[in-house]
Every structure is written in structure tokens, then in C-alpha cells.
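Peer 1: Letter by letter, the chains look like this.
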Amino acid sequence: MVNLTMRSPDPIVLERRGETIEAATETEQVPLTFQIKDLSVWYGEKQAIESVTMDIPSNAVTSIIGPSGCGKSTFLRCLNRMHELVPRTRMEGKVLLLGKDLYSPDVDPAIVRRRVGMVFQKSNPFPTMSIGENVIIGLRLNGVRDQKFLNERLEKSLRMAALWDEVKDDLHKPGTSLSGGQQQRLCIARALAVEPEVVLMDEPCSALDPIATAKIEELIHELKTQYTIVIVTHNMQQAGRVSDYTAFFYLGKLVEFGPTSKIFTNPSERKTEDYITGRFG
Amino acid sequence: MHTIRANKHIWRKVKNVLVSATTFLSAILVIAPLALVFFHLLINGAGSVNWAFFTQLPKPVGVVGGGMANAIVGSLELLALGSVVGVPIGVLGGVYLAEYGSARANSILRFIADVLNGVPSITWGVVVYGLVVLRFKGFSAYAGGLALGLIMIPLILRTTEEVILLVPNGYREAALALGIARWKTIVHVVMKTASKGIITGILLALARIGGETAPLLFTAFGNRFWNHNLGEPIAALPLQVFTYAISPYDDWHRQAWAGALVLVVGIFCINVLVRILTRERKPAVV
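Heads up: the protein sequence lines correspond to chains A and B, in order. For the first sequence, position 158 (counting from the first letter as 1) is numbered 158 according to the working numbering, and the numbering increases by one without interruption. Just so we're on the same page, the working numbering is the position in the second sequence counted from 1, plus 281.
Calculated cross-link-like contacts (lysine-lysine; reagent style BS3-like; alpha-carbon spacing at most 25 Å):
no.	chain 1	residue 1	chain 2	residue 2
1	A	Lys156	A	Lys168
2	A	Lys122	A	Lys168
3	B	Lys473	A	Lys173
4	A	Lys271	A	Lys37
5	A	Lys173	B	Lys465
6	A	Lys122	B	Lys477
7	A	Lys100	A	Lys253
8	A	Lys224	A	Lys100
9	B	Lys465	A	Lys122
10	B	Lys465	A	Lys148
11	A	Lys173	B	Lys477
12	A	Lys122	B	Lys473
13	B	Lys465	B	Lys477
FRET-style restraints, in silico, Cβ to Cβ:
no.	chain 1	residue 1	chain 2	residue 2	range
14	A	Thr89	B	Arg391	18 to 26 Å
15	B	Ile551	A	Asp170	34 to 42 Å
16	B	Val396	A	Asp170	49 to 57 Å
17	B	Phe320	A	Ser206	56 to 64 Å
18	A	Pro87	B	Leu447	15 to 23 Å
19	B	Ala386	A	Ser40	23 to 31 Å
It should be emphasised that the hints constitute simulated quantities derived from the structure, not laboratory data. The beta-carbon is built from N, C-alpha and C at its ideal position, and this holds for glycine as well.
From just these sequences and the hints, can you work out the full model?
Peer 2: Laid out in C-alpha cells, this is it:
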């Protein structure tokens with residue numbers, strides 16, 4: 001049995017792809033993409049994350065919820081070493097990606113970020129580039145020259161991001177000419193084009209209207225067959241709709257982690273229940 | 282009671298008129314010199330700006346006619362040489378300030394650049410005279426270009442830094458999150474996004490040094506003939522204007538006016554180009 005919370009003594013049965021898998025943490029029977037051990041992060045003197053330990057299962061959507069300033073985004077950024085870009089950050093603990101320590105000295109952060117893609121809160125297509133260039137820029141700047149390969153990957157990525165039909169005749173137009181929701185899907189296509197194993201999403205819908213949000217959520221649902229997805233969201237309904245697992249963070253600590261259905265219907269912690277029912281946060 | 286209030290009211294109105302009149306006058310005084318200079322140059326110089334001015338060499342003393350072709354080309358060569366020194370160092374230094382340096386080192390660098398921007402331009406001429414002209418025993422286009430380039434460096438450095446800092450951080454993060462190396466992110470995403478601003482800074486620096494005379498006095502020196510070797514003295518438009526203006530000959534005075542007019546129009550054109558570049562819509566801010 002997978003002990004997903006690592007804190008709660010109750011074993012949790014993992015349901016994936018319609019079958020029930022029973023596994024123990026020590027054995028590797030349930031594929032885990034990330035294993036996070038005692039992760040703590042400081043910005044200068046201020047501690048943003050306090051010894052978080054959790055596992056993130058493969059080919060599933062894990063959402064991270066919690067009130068503002070609880071360390072959700074910081075936690076997400078530790079999974080692809082983006083938090084290092086902030087000056088005066090310090091971290092302790094381990095983050096294993098498929099068993100390999102992301103922070104060991106021989107690991108190049110650029111390689112980590114190629115394997116763990118990221119989509120940001122505000123869509124940010126490069127303003128100097130066309131729609132097509134935006135998608136393949138990651139490959140191009142990582143040294144891919146083969147035009148045929150680039151074209152194939154361009155179409156494949158845009159199709160996966162459910163944007164191909166809308167933009168296939170306008171690939172030369174600026175990426176910023178698209179609507180907000182299309183821009184966000186363009187950013188997803190751009191992240192998928194480098195073929196990562198994981199996609200991190202930091203409140204990807206918070207700047208979008210409900211229709212655009214619904215499209216992105218549908219997309220997340222389809223992407224999880226091929227990718228492991230970790231999404232930070234402020235919107236609890238969204239967490240409920242899209243995710244298989246939910247982690248609740250509060251004041252830099254992981255309060256509870258488990259299958260979304262359990263967190264939302266029968267949380268073990270009082271704090272989780274209070275937050276989910278809207279009593280604070 | 283009533284009269285006092287009325288008086289107060291009138292006094293307030295008078296003050297209001299006085300203040301707005303003073304500010305209006307000041308505004309006029311800002312524009313007036315440009316209009317006067319341009320008008321004066323047109324009256325005195327337009328008559329001598331002709332085909333010969335752009336195509337012929339200066340005639341010997343006493344012979345009427347001739348032109349400043351060598352000085353115009355010489356100025357362009359000096360601007361090019363100055364850019365070779367000033368553009369790469371200024372742009373890369375600006376990138377360093379905006380993207381890499383530590384806060385403390387940056388504030389020192391920024392302070393030095395601001396001081397350098399205030400150094401009188403003749404100082405640069407003297408410095409290059411001491412460093413280059415004396416050592417290589419001769420005035421040269423290289424020395425003139427170096428003096429102009431040194432003036433460009435702090436100008437371009439500061440404008441480049443500022444426009445690069447304007448690039449929203451979201452683009453840097455997006456590129457880095459694709460596993461793109463830091464330097465590639467800076468060159469292909471950040472600098473590309475800021476390219477218009479960087480070019481604007483370069484053009485403004487060129488407009489500034491295009492009219493510089495003092496730093497060329499001890500370096501490029503001036504030349505009445507075509508320069509076929511950048512290791513030799515070279516003519517420059519501002520230098521030629523200076524030489525002709527202090528001469529005792531009427532024909533040279535006319536040519537000096539023409540030279541000044543061409544110079545002002547050239548710099549005016551650069552500024553118009555800058556306006557066109559900066560007028561275009563800025564990229565959507567992330």
C-alpha cells in the first residue's frame with residue numbers, strides 16, 4: 001500500500017486507470033514521479049516551506065491547494081529548480097524525480113527543466129515570436145535544427161494542447177495576437193514541445209474566463225494519460241474537478257495529502273475541512 | 282468686508298495669471314533656441330548646401346567653391362569606428378548590469394557610468410591623446426573613433442540596462458523553464474524583446490557623438506583630403522565646421538554654415554528615427 005501522506009499512519013489505496021493497485025512505499029510497484037523528503041525552503045531569513053514529505057504518483061493529476069502565502073508555488077518551483085532563480089534562497093531535503101536526486105551536484109538545472117515543464121499563472125508567449133516559433137523555440141534553442149522534425153513536433157504539440165485547429169492557418173502570426181485562453185494553451189504547447197515527463201502548472205486558469213478555463217481543464221484531463229501533472233490552484237472546485245490527488249498546504253506545511261475524493265469528502269485533518277468548507281483562507 | 286473679499290479674489294486671479302504666464306514663457310524659451318538655431322542655419326547655410334558640397338574636396342585657400350565630401354565620409358567612418366568600440370561594450374555591460382551583477386557591484390558600476398556620462402567630452406580627447414596618439418606618434422582615425430566610442434559606452438550601457446530591466450520577468454522564467462540555457466535566454470528572448478530599446482539607445486548615442494568636436498581635436502585632427510588609411514588623420518564634419526568658422530575667409534564661413542546645417546539635419550533625422558522606433562506599440566506586458 002502506498003503511504004501517500006507519509007504522515008498519516010493509514011495506508012491509502014491508490015486507484016489508477018480503473019484498477020486498484022496495492023503497493024508499499026518501499027517497493028516501487030506504484031509508479032511515483034516525485035518523491036519529496038523533508039523539503040524545507042527559505043527566502044533569506046523567512047522559511048517558506050517546512051519539512052514537506054510527499055510522493056507524487058505518475059500519470060495522474062495532483063493538485064496543491066491552500067491559502068495565499070502557504071508555500072504552494074514555492075513547492076511547485078522546487079520540483080523543477082525554478083525557485084533557485086530567486087536570489088538568497090536556500091533549501092534542505094531531497095526531491096527525487098524517478099528515483100534521481102534533482103539537487104545532486106552533477107545534475108544540470110537546465111536538464112531538470114527540460115524534463116519537468118512549467119506553465120505559469122499569466123500566459124507569457126514570447127512577444128517577438130510567431131505562434132509557430134513560440135512552440136518550437138525550446139527545441140530550437142536546445143540545438144534541434146532538423147526542420148522536418150520541428151514541423152512535426154509543432155503540429156503534434158499544438159494538437160495535444162487542443163489549439164491546432166484554431167491556429168493552423170495563422171502559425172506566422174504573433175503569439176500575442178491570440179486570446180487569453182488560446183495564449184495559455186499556446187504556452188502549454190510550448191511546454192509540451194520539449195517532451196517533458198512532468199508538467200507543472202501554477203494557477204494556469206486564474207486569469208481566464210470560465211469557458212477558457214473549461215477548455216484547459218479538459219486538456220489537463222487528456223494530458224494525464226501521457227504526463228504527470230502537478231497543478232497549483234486557488235479554485236477548490238477546479239482541484240475537485242481535475243485532480244486525482246490533492247495536497248493541502250498551510251503556513252508552509254503539508255497538512256494533508258490523499259486522493260481528491262477523500263480530501264474533499266472525508267478529510268482526516270480539521271484544518272483541511274475548515275479550509276475546504278470555506279471557514280478560512 | 283465685501284471689498285476685502287473682492288480684493289482677495291482679484292489678487293488670487295492675478296497670481297494665477299502670473300504663474301501660468303511664467304511657465305508658458307519658460308516653455309517658449311525651451312523651444313526658442315532650437316527654432317532660432319535652425320532658422321539661422323537655414324538662412325546662412327542653405328545657399329551653400331549644393332551638389333558640390335557633398336561631392337567635392339575643400340578647395341585651396343583663395344579658391345571659391347569646393348565641398349566637404351571628405352568630412353562627411355570621415356564623420357561616418359568615425360561614427361562606425363566609435364560604434365565598434367562603444368556598441369558591444371555598452372550593450373554587453375548593460376546586459377551584465379541588468380541580468381547578472383550583484384546589487385552592490387551594480388550600484389557602484391551605475392554610479393561610475395553616470396559620472397562618466399558627465400565627463401566633459403574634451404577630457405576623452407585628452408585621454409586618448411595620451412594613451413594612443415602619443416604612443417603611436419600620430420593623429421589617426423582610430424584615435425578619433427576610440428575617443429567617440431569611449432563617450433558612447435556609458436550612454437549605451439545605461440539605456441541598455443534600463444530597457445532590459447523593462448522586459449517582464451515572465452519571459453525569462455518561461456524560457457528557463459523550457460530548459461534553455463541562461464545565456465541563450467538572455468540573447469534570444471530578453472535582448473530580442475528589448476531590441477528596439479537597445480537600438481534606440483545606440484541611435485541616441487550616435488546622435489550625441491555625431492556633433493562632438495572637442496574629442497576629435499587631439500585625436501582625428503582633421504584632414505583636407507581623402508583619408509585612405511585609418512591610421513592617418515581624418516576629416517570630420519564638426520571639425521571642419523570649427524576650422525572654417527574660425528578662419529578669416531567669407532567663403533569658408535559660408536561653407537561652415539552649410540556644414541553645421543547638414544550636421545543638424547543629420548542629427549535631427551536620427552532623432553526622428555528614434556521617435557518612429559519608440560512610437561510603435563510596446564509588447565503586451567506579462
